[in-house]
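Q: Sequence:
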Amino acid sequence: MSEWKKVKFLDLFSEPTKNGIYKSKDFHGKGAKIINMGEVFAYSFIGNQEMSRVEINDKERNSFLVKDGDLLFARRSLVESGAGKCAIANGITEETIFESSIIRVRLNENYAIPLFYMYWMRSLSGRTAINGIVNGVNVKGIRATDLQNIEVDLPPFHTQHRIATILSRYDSLIENYQKQIKLLEESAQRLYKEWFVDLHFPGNENTKIVDGVPEGWVKKPVDSIYSIKYGKNLSTKLITESGEFPVYGANGVIGYYDKANCNEQVVLITSRGNGSGDVLMTYHKDAFITNNSFIVLPLEDYSCCQLPFTYQFLKNANFRAVRTGAAQPQLTNQSIHTVDVVLPSKGIIIDYCEKVSFSNKKIIILRNQIRLLTEARDRLLPKLMSGEIVLEGETA
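At position 104 of the sequence shown (counting the first as 1) the number is 104 in the numbering used here, and the numbers step up by one without a gap.
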């Protein structure tokens, strides 16, 4: 550690920081990929994921393109621990830009390894530095001018490389498991489409079509099939970066809390923010669900609508069409009540759940492996960054 120096973050830049682009909704839907806050919060490595798209001109292309090694910082967050969250661009395969709530940092890779600094930002030193520049009351945020002036560690180049290599091995395994999960989820989605969208379900050739749907299928309000209730409010001050029970917010896990308000794996519908109407699934038996999501459970008469079916079924319901609010989109119980769905017959639902039950169990196992790898990596990270573990070629 004696060879480590302290420098201003700005001293490592190859060019000035850049805030992302804002484009009105008229330009969305096609064009270049755009990295949104959802990607920064969901992934440490951002590259070949599916993303929203936006049309850009040549000037915008020159200003906002992302390349491998770019560090991407969240400018704002409803949760204090989310402000300043750092991700890295990795595996960019096509034209990709970033949105206005993100700060791009491009380092001089002759003496600063971006991957090392992505991990450094997760360390105690990194989080302390970031927390020192967080401002705001209801919405927490950081400014690029403050970010560039934080003090960071500068180890020898070979040390940066060694630490980044060790930690990235965990993330490589995590990424591999995530790819397996994606394949399993896509398989369940394809089967759902084949049976319930294309209507090629078992026995379809002997089933009459009545009023545009197979005989035995019924159209009814979604809340006559499911109990759809808000989660509970939880102060962001109580949410921690680690703990016993995961906290699910509008876009998945946002931290941890010492209590749970949900004791089974469930389907969620995002109720607030740009993701309002999105359908998610929890992967923990016990969790805390905030009031930024609805908790969805089948009513007693529809207990056949088990988790795998409900997840795909509600993803095909158009909740986004009934969102309210302009500045802050939201979904309410009243608007959900207006959503009608076509419920297949009980036997076909049961058959589908049996077909995909193995995939669902496998996904839970893989997610548990991801959790264990994440915990192991996060235990190792502070030891490497603090010098508790001395690497070969270093002096304590």
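Hints were generated in silico from the structure; no laboratory data involved.
Do not rely on the hints blindly, as some may be mistaken.
Stated by the list, open to error - Calculated cross-link-like contacts (lysine to any residue; reagent style SDA-like; alpha-carbon spacing at most 20 Å):
id, residue 1, residue 2
1, K285, S345
2, K232, Y283
3, K18, S100
4, K18, F45
5, K355, E94
6, K25, S100
7, K229, N108
8, K6, L107
9, K315, E194
10, K30, L107
11, K346, L299
12, K346, K229
13, K25, G273
Q: Give a verdict on every hint.
A: So, going through the hints one by one against the coordinates:
no. : hint           : verdict
1   : K285 with S345 : violated (28 Å)
2   : K232 with Y283 : holds (18 Å)
3   : K18 with S100  : holds (9 Å)
4   : K18 with F45   : holds (19 Å)
5   : K355 with E94  : violated (36 Å)
6   : K25 with S100  : holds (14 Å)
7   : K229 with N108 : violated (50 Å)
8   : K6 with L107   : holds (16 Å)
9   : K315 with E194 : holds (15 Å)
10  : K30 with L107  : violated (30 Å)
11  : K346 with L299 : holds (14 Å)
12  : K346 with K229 : violated (24 Å)
13  : K25 with G273  : holds (15 Å)
Figure legend: structure checked against the earlier numbered hints; hints not met, in rising order: 1, 5, 7, 10, 12.
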